[in-house]
Amino acid sequence: MNEEKIKHKGPFAEFWHRLKKNKLSLVGLGILVFFIIIAIFADRIAPYGYAEQHLDKTFLLPCKEFLLGTDNLGRDIFSRIVYGSRVSLKIGFISILLAITAGGVLGCISGFYGGVAETIIMRIMDMMMAIPNVLMAIVIASVLGTGVSNLIIAIGISSIPSFARIVRASILSIRDLEYVEAARLSCCSDFRIISKHILPNIMAPVIVQATLSLGLAILSASGLSFLGLGVQAPIPEWGAMLAAGRSYMSSYWHLVVFPGCAIVLVVLGVNMFGDGLRDALDPRMKG
Amino acid sequence: MENLLAVEGLKKYFKTPRGTLHAVDDVSFTIEEGKTLGIVGESGCGKSTLGRTIVQLLDPTEGKILFEGQDVTHLKSKDMREYRSKSQMIFQDPFSSLNPRMTVFEDIAEPLKNGGMHMDSREIRNRVEELMDTVGLALRFSDSYPHELDGGRRQRIGIARALALNPKFIVCDEPVSALDVSIQAQILNLMMDLQDSKRISYMFITHNLSVVKHISDDIGVMYLGKIVEKCEKKELFKRQYHPYTQALLSAIPTINIDQLHKRIILKGEITSPIDPKPGCRFASRCLYADERCFSEEPELKEYAPNHFVACHHAGNYNN
Amino acid sequence: MNNSVNEKQLIIEDLKIDYKTDDQTVHAVTGLSISMEKGECLGLVGETGAGKTTTALAILRLLPKPQGRILSGSIIFNGIDLQAIGDAAMREIRGKCISMIFQDPMTSLNPILPVGEQISEVIRLHEKCSKKKAMEKAVQMMEMVGIPGDRSDEYPHQFSGGMKQRIVIAIALACSPELLIADEPTTALDVTIQAQILEMMRNLKRDMGTSTILITHDLGVVAEMCDHVAIVYAGCIMEYGTLADIYKNPLHPYTIGLFGSIPDLNSDVNRLKPIPGMVPDPAKLPPGCPFENRCDRKKEICKNVKPELKTIDGIHSVRCHCLEENV
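Residue numbers (our numbering), protein chains in the order written: chain L, 1 to 287; chain S, 288 to 606; chain Z, 607 to 933.
By construction, these hints were calculated from the structure, which means they are not laboratory data. Owing to the predicted nature of the structure, the values given are computational and were not obtained by experimental measurement. Glycine included, each C-beta is placed from N, C-alpha and C at the ideal position. Hints are supplied without guarantee of correctness; some may be wrong.
[What the hints assert, rightly or not] Which residues of chain S face chain Z? A partial, calculated answer using Cβ under 8 Å:
#1 I318
#2 G321
#3 S330
#4 H501
#5 D504
#6 A534
[As the list claims (entries may be wrong)] Derived SDA-like pairs (lysine to any residue); straight-line CA-CA distance at most 25 Å:
#7 K588/S to H494/S
#8 K485/S to R877/Z
#9 K373/S to N543/S
#10 K554/S to R877/Z
#11 K322/S to G306/S
#12 K554/S to P754/Z
#13 K365/S to S189/L
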């Protein structure tokens, strides 16, 4: 038998190969990475502090001294946007992490064990989903108060149901597959079955949901800050910057356009990457 | 010789919104060491459910399962492990019976890691390589993923995995139905060789009578959850007493073109296993059914030496 | 072939089809030729990946675009070159002159339309008649395939697998096509249901005179239904002949191997004789005979030169280097 040496393409290599073919998703990934880098190295990149005021140079349009101009208090908009990326991404990632963990556990329990637990958990999730995200976040924020941490909690909690649902649905689709039965026959404990046999095979829809929820979370954060419920001054959050610049919009467009563009760019990048992820992950999972 | 496996009055019912589904209804049989019982039937007859209930993937509703003389019907988890090391299962679909995220090595090692055998990694590696060799899988596939291999090789992985804990009894649920004809033959030969060398008993579930004739010692024919005929293999093909068995055999297309015979074509479709009506389950499709058949359910009785039939009119008509 | 071209209903000449993906090119059909007369039943026998379904899809111009491409060869139906005609003309032919039954009845039917409507839809597309008349004809077709006509407004999920396949057959035969292509029509069905369906297909063939191409891997089904048999391997025909030719006097090592590897009800062999080795990767076909790596008769020439299909006796033809000497 003259067979060639076997090249093993693990699932990750296959997935990366497919992802690379989708140019749009690579662009999205690039945008995301770009903002992550900006956030990490904000101190080095930003020429001014985010709270540094220059009261003699307010409302300046983009110029050499201030790349994107200054706002009503003479703060450098460019620096504020750079630091703002830190805030937005931190809120986005941590709240989604919260939602995945809590939603994942709830989804696992209801999907794997079913019965009464499933009914109770899913009905609670239904109730939570019936309330609009923003409304729920507003309620939680008004109970807990404002500030970045509470914003994270609020957005995290309101994102739990979508993850619980998707984890449960994915588990239901593979729970009765023969390889799960084979795992039981191999004396695997429930925990091992879930962690080694089920979870790795439902990663695809969960990851896709995560990236799309990330975009939504960042948008929600901006929205809530815009409404005054999130971050408080002088912390530079893009939505808050939009709110502050609203009153001056007609005369000084640069106060709202740049933060607005930043929001659009990040959310767009996340969504494009999420789309590409979904395409790269899904067909392969069928084997 | 004491029986390896004895099943008595086994029932498995499922509750559905439309009623109680009688998947397995009062099934009894025995299997000796090193022998194969073929279970034949068409879709909906409950053969897969029967197999899964015996290996305790499903909880029996009623009845008894005795393995090596011990009652294993309702096992506690600590005894389950020991039972699992003795009775295993090979699945039908080589595509969905392997975890797509695990390599061949990891898949076969799973029972070794979890079966309470306390092996270190070197022992596990040796054992996996030994198993791969036994089933004819080249070692260079150890790090391959299932999707890189064809159906025949994947099924060998399933067999290696089932053999890992040295079971005495394996339920084979249509193990070759999804494979190409030329690969089927390879896998069947492998299974027969394993039976000879390791004295494993099989419960071989299939809808394909030609395959079951090849590999079985005894055959049980199932219809809607019940065994309607059971006897030694050669006997079944010589003479059938139940009209369903006759129709089943008659329906098989033969490749001997000189022997094209008149087929018994059954009328109608299979009836529902949910809350079945009284009387014989086959009555509505049977050419010979009479009033008694619709009201009284026939019991599985020994009609000829070691030949059991569940029919009121067994042997009363032409074969 | 002494008959004039016009007498043959279907002539496929040296068909070559590739599937091109980003990674590789799969040579699905590698020079396949068949011819059929009216009213004949031809069995295309082969295992998975042999190219049988691809050929069927090519006849109907249903190859997936853009991956599937016909590289060369011709398909002539009743004197018409099926590759040359326009899309509108091809649509006329599909369903009305040539019809196809696919393997899986579960996915062949539209789950949201009642079955009667699915049958009448085909009728309305090809025959100019009113909705009412089309539905009447649809009910007639249902009765003909053994389903009570009053179930015409039920949905596919309310029927069993066997009944769904009958509906699929009713749709395929609704406009009385001249040629029916049946791709593994009974593989997914129980054997007693298969017997019912095959009996029905035989009766329909007798009453309507439809020619059939029966694609299957089941030699038993072929023996019941077909007049002529073509054994397909790696995209081309290895052996062709009448039913008696192939079943009583198989000549190609692959054909002989196929018969040897099937457990037969009537014989009692201790061990089956499987064909050793594996089907070659259709993306990497060898230059010579595609069966060479599994053959027990091979010669030096088999590795490098692909044999031609040569006639041995009557219409019995074989593609093998090792047989020509014996003739």
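Status of the hint placing H501/S at chain Z (closest C-beta pair under 8 Å) | holds (4 Å)
Between K373/S and N543/S, does the CA-CA distance stay at or below 25 Å?
-> Answer violated: K373/S to N543/S is near 41 Å, above 25 Å.
Can the restraint linking K485/S and R877/Z be considered satisfied, given a maximum Cα separation of 25 Å?
-> holds (18 Å)
Are K588/S and H494/S close enough, with their CA atoms no more than 25 Å apart?
-> holds (23 Å)
Between K365/S and S189/L, is the straight-line Cα distance small enough, at 25 Å or below?
-> holds (12 Å)
Satisfaction of the A534/S interface hint, Cβ to chain Z closer than 8 Å = Holds, because the Cβ-Cβ distance from A534/S to chain Z comes to roughly 6 Å (cut-off 8 Å).
Going by Cβ atoms only, is D504/S closer than 8 Å to chain Z?
-> violated (13 Å)
Tell me if G321/S is really an interface residue toward chain Z, meaning its C-beta lies closer than 8 Å to one of theirs.
-> violated (16 Å)
Pair hint K554/S and R877/Z, alpha-carbon separation not exceeding 25 Å = violated (37 Å)
Given I318/S as an interface hint, is the shortest Cβ-Cβ distance to chain Z below 8 Å?
-> violated (21 Å)
Have a go at the S330/S hint: is there a Cβ in chain Z nearer than 8 Å to its own Cβ?
-> Hint holds; S330/S Cβ to chain Z Cβ min 5 Å, cut 8 Å.
Pairwise hint evaluation, G306/S against K322/S, where the allowed Cα distance is 25 Å at most = Violated - the C-alpha atoms of G306/S and K322/S are around 37 Å apart, more than 25 Å.
Checked against the numbered hints given earlier, this structure breaks hints 1, 2, 5, 9, 10, 11; the rest are met.
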